[in-house]
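Chains as they are written, first to last, in numbering that gives the first Met the number 0: chain A, 0 to 293; chain B, 0 to 293.
Don't read these hints as lab results, they were simulated from the structure. We put the beta carbon where it would ideally sit given N, CA and C, even for glycine. It is possible that part of the hints are untrue.
[To be verified] Which chain A residues face chain B? A few, computed with CB under 10 Å, are given here:
| hint | residue |
| --- | --- |
| 1 | D143 |
| 2 | T158 |
| 3 | Y159 |
| 4 | V181 |
| 5 | N183 |
| 6 | L186 |
| 7 | V197 |
| 8 | A206 |
| 9 | G212 |
| 10 | V255 |
| 11 | E258 |
[Claimed, not checked] Now the in silico label distances, taken between C-beta atoms and shown as ranges:
| hint | chain 1 | residue 1 | chain 2 | residue 2 | range |
| --- | --- | --- | --- | --- | --- |
| 12 | B | A162 | A | R148 | 53 to 61 Å |
| 13 | B | T156 | A | T4 | 51 to 59 Å |
| 14 | B | T4 | A | R289 | 20 to 28 Å |
| 15 | A | G196 | B | Q208 | 29 to 37 Å |
| 16 | B | R73 | A | E237 | 15 to 23 Å |
| 17 | A | H291 | B | V233 | 27 to 35 Å |
| 18 | A | H291 | B | P140 | 42 to 50 Å |
| 19 | A | G196 | B | R73 | 25 to 33 Å |
| 20 | B | T156 | A | E132 | 26 to 34 Å |
Protein chains: 2
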Amino acid sequence: MNHDTATPVTIIGLGLMGRALAEAFLKAGHPTTVWNRTAAKADRLVAAGALAAPTAGDALKASPLTILCVTDYRAVRELLDANGGELAGTTLINLTSGDSAQARDTARWAEQHGARYLDGAIMAVPPAIGTAEAVILHSGPQADFEAHRSTLGVLGTVTYLGADHGLASLYDVAGLAMMWSVLNAWLQGTALLKTAGVDAAAYAPFARQIAAGVAEWLPGYAEQIDNGSFPAEVSALETDARAMAHLVEESEAVGVNAELPKLIKAMADRSIAAGHGGEQYPVLIEEFSRPHAG
Amino acid sequence: MNHDTATPVTIIGLGLMGRALAEAFLKAGHPTTVWNRTAAKADRLVAAGALAAPTAGDALKASPLTILCVTDYRAVRELLDANGGELAGTTLINLTSGDSAQARDTARWAEQHGARYLDGAIMAVPPAIGTAEAVILHSGPQADFEAHRSTLGVLGTVTYLGADHGLASLYDVAGLAMMWSVLNAWLQGTALLKTAGVDAAAYAPFARQIAAGVAEWLPGYAEQIDNGSFPAEVSALETDARAMAHLVEESEAVGVNAELPKLIKAMADRSIAAGHGGEQYPVLIEEFSRPHAG
Numbered sequence: 000m001n002h003d004t005a006t007p008v009t010i011i012g013l014g015l016m017g018r019a020l021a022e023a024f025l026k027a028g029h030p031t032t033v034w035n036r037t038a039a040k041a042d043r044l045v046a047a048g049a050l051a052a053p054t055a056g057d058a059l060k061a062s063p064l065t066i067l068c069v070t071d072y073r074a075v076r077e078l079l080d081a082n083g084g085e086l087a088g089t090t091l092i093n094l095t096s097g098d099s100a101q102a103r104d105t106a107r108w109a110e111q112h113g114a115r116y117l118d119g120a121i122m123a124v125p126p127a128i129g130t131a132e133a134v135i136l137h138s139g140p141q142a143d144f145e146a147h148r149s150t151l152g153v154l155g156t157v158t159y160l161g162a163d164h165g166l167a168s169l170y171d172v173a174g175l176a177m178m179w180s181v182l183n184a185w186l187q188g189t190a191l192l193k194t195a196g197v198d199a200a201a202y203a204p205f206a207r208q209i210a211a212g213v214a215e216w217l218p219g220y221a222e223q224i225d226n227g228s229f230p231a232e233v234s235a236l237e238t239d240a241r242a243m244a245h246l247v248e249e250s251e252a253v254g255v256n257a258e259l260p261k262l263i264k265a266m267a268d269r270s271i272a273a274g275h276g277g278e279q280y281p282v283l284i285e286e287f288s289r290p291h292a293g
Numbered sequence: 000m001n002h003d004t005a006t007p008v009t010i011i012g013l014g015l016m017g018r019a020l021a022e023a024f025l026k027a028g029h030p031t032t033v034w035n036r037t038a039a040k041a042d043r044l045v046a047a048g049a050l051a052a053p054t055a056g057d058a059l060k061a062s063p064l065t066i067l068c069v070t071d072y073r074a075v076r077e078l079l080d081a082n083g084g085e086l087a088g089t090t091l092i093n094l095t096s097g098d099s100a101q102a103r104d105t106a107r108w109a110e111q112h113g114a115r116y117l118d119g120a121i122m123a124v125p126p127a128i129g130t131a132e133a134v135i136l137h138s139g140p141q142a143d144f145e146a147h148r149s150t151l152g153v154l155g156t157v158t159y160l161g162a163d164h165g166l167a168s169l170y171d172v173a174g175l176a177m178m179w180s181v182l183n184a185w186l187q188g189t190a191l192l193k194t195a196g197v198d199a200a201a202y203a204p205f206a207r208q209i210a211a212g213v214a215e216w217l218p219g220y221a222e223q224i225d226n227g228s229f230p231a232e233v234s235a236l237e238t239d240a241r242a243m244a245h246l247v248e249e250s251e252a253v254g255v256n257a258e259l260p261k262l263i264k265a266m267a268d269r270s271i272a273a274g275h276g277g278e279q280y281p282v283l284i285e286e287f288s289r290p291h292a293g
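Start from the sequences and build out the full structure, keeping to the hints where you can.
Put into structure tokens, the structure is as follows:
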């Protein structure tokens, strides 16, 4: 790809992640305009071929596609508010971290100012940008995503989730909850096994196998949730709860942290108290779907 | 295999799981003796070819290998205490659920009475017994395990963990913690996405991919734990904590349960407060390895 055919892109926000995004576009031959509140952060990118716009408004005008990657949605809105007149006809892709309500609000505001708007979430660390490992989620109008899919593909593995602008944020935090949960369960197990002198390296393959195995159950279990019916085909929740008590007791007996085991048991106990002891694990969706007062 | 060559086995305890164990041995052609406090539970097994021993002592004497699968370790000890004279030279495999201290105590007692003793844990539901899906963990003297490995293989995929009799219980609860954590993280994500009208079936493949992907990191992360050194090669804990705040806020904003997100963040916050904000996630092993007062 060369400068004659590649879509010009603008990157606003040159933190670690913004700089990684700009570098990926430069490397792929896209005319790349950059802007940052602290201008010096553009220096290395300019040396690599980027154009530093003097103002955010100039940056927005320089390309048909602008990627926003700033501190938070408040910074996004301040920046857009000050340049509302420059937005008509442009496409904004907001990769700033925030929540689903902020994404929907910002989408509404941008559309009112004549911009096309996609909200996104980067499930990767800056060094992974530009490789297939970097998963970048997008939500908003599908036509706007498809128009820029190949350009965005320079950044990593791009995924389209749906028209609701809040989806990228929701999938992002849901995926992170899975990531930290696998890591925490592994740390719980590692801590338990360390009390018997077992190395973390000796335990890790076992934990990996269980995590990968249970991951395979999820699509089947999802059917129970979508059907709203939880027959105990494999195991009943009250049987699980007895094993949860063993996990709590063992954690306490060997002197490791027992908070995660206790939370696991508390969620199940509440569901059993609500009459679901004879049903299967996914019935806990009812507990996960409502706040707990306590 | 036929009755002339297959090792005779005894099963004590004929709950759902004990009956499944006995059925697997009968199907594989092992002379199978059974005993249960409530004798009627043996009826179907006797019809299928099992021998019902009149007393637990007779059951222990009937085979060189006895598998115990009763309610708890208290029941194990009552049963063995009453039959201490029958134990010399026999091999006991205790698949009763319990903790690592109970396993070690019972091993010591059994060995003092002249028995060989392995402690085990069944990571499967009764209908899986007799298939490769049923993983059965064993710990205790390796020679005793090897002597009966092929007989035990009738029950499922048998694994030997080490000489410490407590290992089977510890691996068991550690694996269960992983199982419930993957399921709970998936339920958290499913609850979050449901607020945007996304079906559980639509979200499940994404959750599966994240869980399986993170599982692959564990052996590498284990090296950091075994080395006691946690350089932030991929991401620093304080960066993770900002994303954890998004998870908590999003969960609260859309009205789903936030206990799991809050626990994830609390563990990281404590580690950051202890000075580890610039290190990588596995440094949390220090938090997981000690009880939390509160």
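Status of the hints after comparison with the structure:
Annotation: interface hint on A:D143 violated; nearest CB of chain B at approximately 19 Å, more than 10 Å. The criterion of a C-beta within 10 Å of any C-beta in chain B is met by A:T158, whose closest approach is roughly 9 Å, and the hint holds. Residue-level restraint check for A:Y159 is violated (minimum Cβ-Cβ distance to chain B is 12 Å; threshold 10 Å). The criterion of a C-beta within 10 Å of any C-beta in chain B is met by A:V181, whose closest approach is roughly 4 Å, and the hint holds.
At its closest, the beta carbon of A:N183 sits 6 Å from a beta carbon of chain B; the interface hint therefore holds under the 10 Å criterion. Hint status for A:L186: holds, given a least beta-carbon distance of 4 Å to chain B, under 10 Å. Restraint check, A:V197 versus chain B: the minimum CB separation of about 7 Å is within 10 Å; hint holds. Residue-level restraint check for A:A206 holds (minimum Cβ-Cβ distance to chain B is 5 Å; threshold 10 Å).
Restraint check, A:G212 versus chain B: the minimum CB separation of about 8 Å is within 10 Å; hint holds. A least Cβ separation of about 6 Å between A:V255 and chain B falls short of the 10 Å threshold, and the interface hint therefore holds. For A:E258, the interface hint holds, the least distance from its beta-carbon to any beta-carbon of chain B being 6 Å, beneath 10 Å. In this structure the hint that B:A162 and A:R148 lie 53 to 61 Å apart at CB holds, the actual value being about 57 Å.
Taking 51 to 59 Å as the suggested C-beta distance range, the pair B:T156 and A:T4 conforms, at roughly 56 Å. Taking the beta carbon of each, B:T4 and A:R289 are about 59 Å apart, not inside 20 to 28 Å as hinted. Range check, A:G196 to B:Q208: about 35 Å between beta-carbon atoms, so the 29 to 37 Å window is met. Between B:R73 and A:E237, the C-beta spacing of about 20 Å keeps the proposed range 15 to 23 Å intact.
For A:H291 paired with B:V233, a C-beta distance near 32 Å keeps the hint of 27 to 35 Å intact. In this structure the hint that A:H291 and B:P140 lie 42 to 50 Å apart at CB holds, the actual value being about 47 Å. Distance hint check: the CB atoms of A:G196 and B:R73 are about 27 Å apart, consistent with the given range 25 to 33 Å. Checked against the given bound of 26 to 34 Å, the beta carbons of B:T156 and A:E132, roughly 32 Å apart, stay inside it.
Checked against the numbered hints above, the structure violates hints 1, 3, 14; every other hint is satisfied.
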